[in-house]
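Work out the full structure, taking the sequences as your base and the hints as a guide.
Number of protein chains: 2
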Amino acid sequence: MRTLILVLLLIPFCLLAQQEPVDQAMMQKIRTEGLEHSQIPVIAHYLTDVNGPRLTNSPGYTHAAKWVVQTLKQWGLQNAAMEPWGQFGKSWSLTGSYLALKTPYYQPLIAYPKAWSTGTKGPITAPVVLLDTLSEAAIDKLGASIKGKIVIVRPRDTALVSNFKPFATRYADTTDFSKLPDMYMLERDDIAKYGDFFQKLYAVRKHLAAKGAAALLNANLHGRDGTIFADGRMYYAKGYTSPLPEVTVSTEDMLRLYRLLRSSQPVQLEMNVKAKWDSTDTKGYNVVGEIPGTDNELKNQVVMLGGHLDSWHSGTGATDDGAGCIVMMEVMRILKTLGVQPKRTIRIALWGGEEQGLLGSFGYVKKHYGNPADMKLTAEQKNVSAYYNLDNGSGKIRGIYLQNNEAAGPIFRSWLEPFADLGATGITSSNTGSTDHLSFDAVGIPGFQFIQDPLEYETKTHHSNMDTYDHLSMDDMKQAATIIAAFVYNTAMRPEMMPRKPLPQPSRFVFDLDFPL
Amino acid sequence: MRTLILVLLLIPFCLLAQQEPVDQAMMQKIRTEGLEHSQIPVIAHYLTDVNGPRLTNSPGYTHAAKWVVQTLKQWGLQNAAMEPWGQFGKSWSLTGSYLALKTPYYQPLIAYPKAWSTGTKGPITAPVVLLDTLSEAAIDKLGASIKGKIVIVRPRDTALVSNFKPFATRYADTTDFSKLPDMYMLERDDIAKYGDFFQKLYAVRKHLAAKGAAALLNANLHGRDGTIFADGRMYYAKGYTSPLPEVTVSTEDMLRLYRLLRSSQPVQLEMNVKAKWDSTDTKGYNVVGEIPGTDNELKNQVVMLGGHLDSWHSGTGATDDGAGCIVMMEVMRILKTLGVQPKRTIRIALWGGEEQGLLGSFGYVKKHYGNPADMKLTAEQKNVSAYYNLDNGSGKIRGIYLQNNEAAGPIFRSWLEPFADLGATGITSSNTGSTDHLSFDAVGIPGFQFIQDPLEYETKTHHSNMDTYDHLSMDDMKQAATIIAAFVYNTAMRPEMMPRKPLPQPSRFVFDLDFPL
Numbered sequence: 001m002r003t004l005i006l007v008l009l010l011i012p013f014c015l016l017a018q019q020e021p022v023d024q025a026m027m028q029k030i031r032t033e034g035l036e037h038s039q040i041p042v043i044a045h046y047l048t049d050v051n052g053p054r055l056t057n058s059p060g061y062t063h064a065a066k067w068v069v070q071t072l073k074q075w076g077l078q079n080a081a082m083e084p085w086g087q088f089g090k091s092w093s094l095t096g097s098y099l100a101l102k103t104p105y106y107q108p109l110i111a112y113p114k115a116w117s118t119g120t121k122g123p124i125t126a127p128v129v130l131l132d133t134l135s136e137a138a139i140d141k142l143g144a145s146i147k148g149k150i151v152i153v154r155p156r157d158t159a160l161v162s163n164f165k166p167f168a169t170r171y172a173d174t175t176d177f178s179k180l181p182d183m184y185m186l187e188r189d190d191i192a193k194y195g196d197f198f199q200k201l202y203a204v205r206k207h208l209a210a211k212g213a214a215a216l217l218n219a220n221l222h223g224r225d226g227t228i229f230a231d232g233r234m235y236y237a238k239g240y241t242s243p244l245p246e247v248t249v250s251t252e253d254m255l256r257l258y259r260l261l262r263s264s265q266p267v268q269l270e271m272n273v274k275a276k277w278d279s280t281d282t283k284g285y286n287v288v289g290e291i292p293g294t295d296n297e298l299k300n301q302v303v304m305l306g307g308h309l310d311s312w313h314s315g316t317g318a319t320d321d322g323a324g325c326i327v328m329m330e331v332m333r334i335l336k337t338l339g340v341q342p343k344r345t346i347r348i349a350l351w352g353g354e355e356q357g358l359l360g361s362f363g364y365v366k367k368h369y370g371n372p373a374d375m376k377l378t379a380e381q382k383n384v385s386a387y388y389n390l391d392n393g394s395g396k397i398r399g400i401y402l403q404n405n406e407a408a409g410p411i412f413r414s415w416l417e418p419f420a421d422l423g424a425t426g427i428t429s430s431n432t433g434s435t436d437h438l439s440f441d442a443v444g445i446p447g448f449q450f451i452q453d454p455l456e457y458e459t460k461t462h463h464s465n466m467d468t469y470d471h472l473s474m475d476d477m478k479q480a481a482t483i484i485a486a487f488v489y490n491t492a493m494r495p496e497m498m499p500r501k502p503l504p505q506p507s508r509f510v511f512d513l514d515f516p517l
Numbered sequence: 001m002r003t004l005i006l007v008l009l010l011i012p013f014c015l016l017a018q019q020e021p022v023d024q025a026m027m028q029k030i031r032t033e034g035l036e037h038s039q040i041p042v043i044a045h046y047l048t049d050v051n052g053p054r055l056t057n058s059p060g061y062t063h064a065a066k067w068v069v070q071t072l073k074q075w076g077l078q079n080a081a082m083e084p085w086g087q088f089g090k091s092w093s094l095t096g097s098y099l100a101l102k103t104p105y106y107q108p109l110i111a112y113p114k115a116w117s118t119g120t121k122g123p124i125t126a127p128v129v130l131l132d133t134l135s136e137a138a139i140d141k142l143g144a145s146i147k148g149k150i151v152i153v154r155p156r157d158t159a160l161v162s163n164f165k166p167f168a169t170r171y172a173d174t175t176d177f178s179k180l181p182d183m184y185m186l187e188r189d190d191i192a193k194y195g196d197f198f199q200k201l202y203a204v205r206k207h208l209a210a211k212g213a214a215a216l217l218n219a220n221l222h223g224r225d226g227t228i229f230a231d232g233r234m235y236y237a238k239g240y241t242s243p244l245p246e247v248t249v250s251t252e253d254m255l256r257l258y259r260l261l262r263s264s265q266p267v268q269l270e271m272n273v274k275a276k277w278d279s280t281d282t283k284g285y286n287v288v289g290e291i292p293g294t295d296n297e298l299k300n301q302v303v304m305l306g307g308h309l310d311s312w313h314s315g316t317g318a319t320d321d322g323a324g325c326i327v328m329m330e331v332m333r334i335l336k337t338l339g340v341q342p343k344r345t346i347r348i349a350l351w352g353g354e355e356q357g358l359l360g361s362f363g364y365v366k367k368h369y370g371n372p373a374d375m376k377l378t379a380e381q382k383n384v385s386a387y388y389n390l391d392n393g394s395g396k397i398r399g400i401y402l403q404n405n406e407a408a409g410p411i412f413r414s415w416l417e418p419f420a421d422l423g424a425t426g427i428t429s430s431n432t433g434s435t436d437h438l439s440f441d442a443v444g445i446p447g448f449q450f451i452q453d454p455l456e457y458e459t460k461t462h463h464s465n466m467d468t469y470d471h472l473s474m475d476d477m478k479q480a481a482t483i484i485a486a487f488v489y490n491t492a493m494r495p496e497m498m499p500r501k502p503l504p505q506p507s508r509f510v511f512d513l514d515f516p517l
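Chains as they are written, first to last, in the UniProt record's numbering: chain A, 1 to 517; chain B, 1 to 517.
Note that these hints are calculated values from the structure, not bench results.
Ideal placement from N, C-alpha and C gives every residue a C-beta, glycine not left out.
Be aware that a few hints might be false.
[Stated by the list, open to error] The following residues of chain B were derived to be distant from chain A, with all beta-carbon distances above 12 Å:
#	residue
1	K121
2	S178
3	H207
4	M466
5	M493
[Said to hold, decoys possible] In silico DSSO-like links for lysine-lysine, alpha-carbon gap of 30 Å or less:
#	chain 1	residue 1	chain 2	residue 2
6	A	K29	A	K343
7	A	K102	B	K141
8	A	K274	B	K274
Take a look at the structure:
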């Protein structure tokens with residue numbers, strides 16, 4: 001059965017290899033450089049361990065962006081620079097974080113302040129109170145007694161997720177990738193609803209602060225074992241300020257606090273959160289760099305590749321999306337080291353503000369190629385052959401999403417063929433969402449995201465404090481860099497641009513937000 | 001095949017049920033009380049969440065011991081009391097714990113001071129230095145530059161354990177439990193070697209302190225995802241003092257520190273550890289309580305059951321060995337609630353000092369029954385029918401280790417028979433080690449430990465910061481309490497004492513230690 005499937009898969013490969021010629025010698029060179037002389041671990045170490053977390057517009061982001069620019073220049077890339085993509089908001093960084101149980105006994109808690117949370121007024125010791133729901137009515141019911149207290153809210157669930165299943169998994173080799181489901185971005189209506197939700201969220205926190213609450217704790221019950229998922233609140237945006245300290249604690253710690261209060265035990269916490277704000281430069285930045293095209297006819301045309309450089313703050317953004325940045329930087333290094341002379345210009349772009357709504361890539365697309373809201377496109381839009389994105393962790397590539405661009409299928413199939421032994425054979429027409437290729441897709445530029453082995457991305461590292469270097473799979477990333485280098489090279493060299501879908505309607509997907517996501 | 005095995009298993013059950021009569025009506029009552037009216041979650045909440053960690057001789061231990069005594073008394077048990085078992089050493093408790101990366105960027109670390117570590121001299125900010133090995137020569141090689149520094153040592157391994165396997169598992173129902181391997185305690189020679197090892201460990205830390213090092217960090221690479229395994233150093237013992245602060249950090253944090261130093265990045269940490277010592281009472285305590293026997297002939301005979309009340313300090317000792325204590329307390333509650341009138345006295349004993357070498361149970365055995373070192377036994381020794389222990393996490397019971405007491409096998413088989421539907425059918429002749437039944441076994445008293453489903457005990461909770469309430473499996477513990485209540489009842493009621501093995505030789509296993517373990 002499995003043999004039969006393999007034979008069926010190989011037939012189209014053979015047929016199509018004739019339609020889309022591939023420079024096999026170059027493919028071999030790329031494979032050797034990518035798999036045997038990889039710099040992935042070194043790039044990963046500097047991007048994650050040395051630069052640290054890269055929250056949009058934070059000092060850590062800027063530091064990392066400068067390091068990327070410098071590294072690209074060292075490799076000999078042209079036009080390496082930080083490029084502003086628009087207004088983001090205030091810069092924030094954490095400078096102190098301490099939370100411990102003080103009563104009924106001392107024990108430090110596993111906790112992380114939410115991004116863009118304000119600090120405490122110095123070190124505090126405060127009782128904890130339990131709200132049944134986080135609403136203005138529930139707050140008012142507690143009356144003046146809430147003043148000076150740390151607030152928790154009854155958890156929706158009080159059981160840990162099971163530990164009987166492995167956190168890390170891979171696709172089976174027999175997976176039919178053509179059957180992957182479509183995953184769409186939120187649509188304008190959904191986002192509008194979320195806008196209302198955020199306004200309520202903001203109002204209730206302002207109410208808590210007005211009543212004198214010292215802090216608000218939450219837990220994301222997806223976490224366990226010391227892994228916590230601390231995201232952020234959009235207080236970076238103009239007109240918003242963090243009403244009170246907001247800290248995510250481990251599921252185990254939250255459930256313990258909840259049980260203690262439920263059984264009427266007095267509970268006190270020690271807490272000290274320090275944060276630094278800066279409004280000197282509220283612009284957001286991407287990082288770009290190029291290997292210029294060498295063909296007089298085609299060098300104005302561009303092949304783009306990227307991932308997002310910004311990360312959440314409680315890890316070092318190793319898999320989200322350090323992995324994408326590391327792999328795409330390595331692609332540029334491989335191509336530069338091999339001294340390729342691409343016909344088209346190859347441009348890497350590492351985006352800021354992805355976690356706040358694909359802001360960096362959208363700002364870039366809007367500036368250079370046009371606004372999907374009205375589909376007024378620039379001349380430049382015609383010159384981008386394709387954009388390749390990697391943003392689903394550090395798992396190896398199993399294939400590619402066509403985003404309904406059926407004409408690209410046979411081309412990609414022939415490009416994957418030399419790497420079939422590396423486990424990358426899947427082509428699906430499906431869309432995948434939630435990352436930066438959508439900004440390109442929205443203005444009619446072919447934008448693609450690769451299919452990747454899941455590893456522990458969804459279960460452990462995505463937006464968590466465990467998104468660190470040690471959770472990267474180096475061998476998987478070497479495979480990814482090798483295959484993407486081939487894709488980028490082939491895109492830069494083939495006689496024609498990549499086929500395009502018909503121009504989309506003015507996008508029902510939302511990028512330009514008049515409220516902070 | 002599976003049916004055949006079942007048939008083969010059932011034959012001896014049928015035969016033996018006639019040899020060892022069981023009060024089926026009482027078994028049904030125990031089952032109903034244990035499974036349908038369980039107090040396991042409540043006992044667990046108070047023992048773990050409310051009382052907190054129970055490090056031997058710490059204020060937390062004493063607080064929990066008093067709570068157990070009070071609870072046993074409330075249930076109507078007799079002679080409930082804390083009973084000293086001998087000298088332990090100084091009392092220690094943690095009152096502050098903070099560790100954060102300061103340079104190259106700020107990020108709090110997941111860290112826990114080792115038990116019996118001294119504190120820092122207030123909040124400190126200090127550079128980190130890397131030792132290749134932890135030896136006096138390596139320390140001297142760094143010279144005066146080590147003064148004021150926080151020291152880490154090159155990790156033996158730099159890869160995380162795999163996440164592709166589940167952390168929690170169960171025995172398959174088809175497991176042949178008779179084939180479980182023997183697990184022995186360390187022998188006298190091994191322990192003597194460990195004594196030498198500890199003296200070296202102590203000397204090198206004193207050397208580090210003498211050279212002015214500010215602290216020593218370590219990691220147990222078994223941990224990942226925020227789970228850390230922070231054990232302790234035996235500085236509680238008379239004549240020893242903690243030379244400098246020792247803190248366990250997460251594997252991910254340690255490997256990051258190591259990589260940063262290896263690539264010559266300057267690294268600074270912020271640190272604040274506070275500990276409290278007390279030498280007012282250096283004795284160690286067990287907790288005991290009884291349901292007195294009612295048969296004039298047999299009431300001087302005793303059935304004992306227990307687990308260890310002491311725990312490590314970074315969790316709340318929920319599975320090690322809160323689970324054993326919770327289950328054994330519940331056994332007493334079930335029997336008391338059912339108003340049983342046992343022929344023999346039923347005595348629960350929750351031990352202190354288990355983690356430091358079975359100290360509490362051995363002290364108890366030595367005082368009441370004799371010293372295994374010379375086998376001079378007391379008259380009381382003859383009156384203990386059996387001791388039942390539970391100390392392998394919160395997994396349900398799958399059977400029992402005979403400790404080579406073959407004559408007990410048919411008896412236990414008939415006692416397990418009414419609970420075959422609960423998954424407890426296994427009998428193995430094998431020994432299992434490392435816990436308190438060995439203290440009884442060493443003086444010829446039948447001591448037994450149950451076979452339990454592993455769950456995540458070895459992989460996640462055993463001695464870790466995740467040894468907390470939420471990692472207990474309540475349904476498993478209800479099953480265990482039900483079966484053990486039946487065993488205890490049957491032992492108290494059967495006409496004869498439990499059969500004994502021939503008296504052992506003066507023990508080659510070590511209990512009386514002239515150095516701190």
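Hints, one by one, checked against the model:
The claim that B:K121 lies off the interface holds: its Cβ sits roughly 18 Å from the closest Cβ of chain A, which is beyond the 12 Å cut-off. In this structure B:S178 is separated from chain A by more than 12 Å, as the shortest Cβ-Cβ distance comes to about 26 Å. The beta carbon of B:H207 sits about 29 Å from the closest Cβ of chain A, which is more than 12 Å, so the claim that it is off the interface holds. Residue placement check: B:M466 does not keep its beta carbon more than 12 Å from all beta carbons of chain A (closest about 5 Å).
The claim that B:M493 lies off the interface holds: its Cβ sits roughly 37 Å from the closest Cβ of chain A, which is beyond the 12 Å cut-off. Proximity of A:K29 to A:K343 is assessed by CA-CA distance (about 18 Å); at most 30 Å being required, the pair is judged to hold. The suggested pairing of A:K102 with B:K141 is violated, with an alpha-carbon distance near 42 Å, which exceeds 30 Å. In summary, the hint linking A:K274 to B:K274 is supported, as the alpha carbons are separated by about 21 Å, within the 30 Å threshold.
Violated hints, in rising order: 4 and 7; the structure is consistent with all others.
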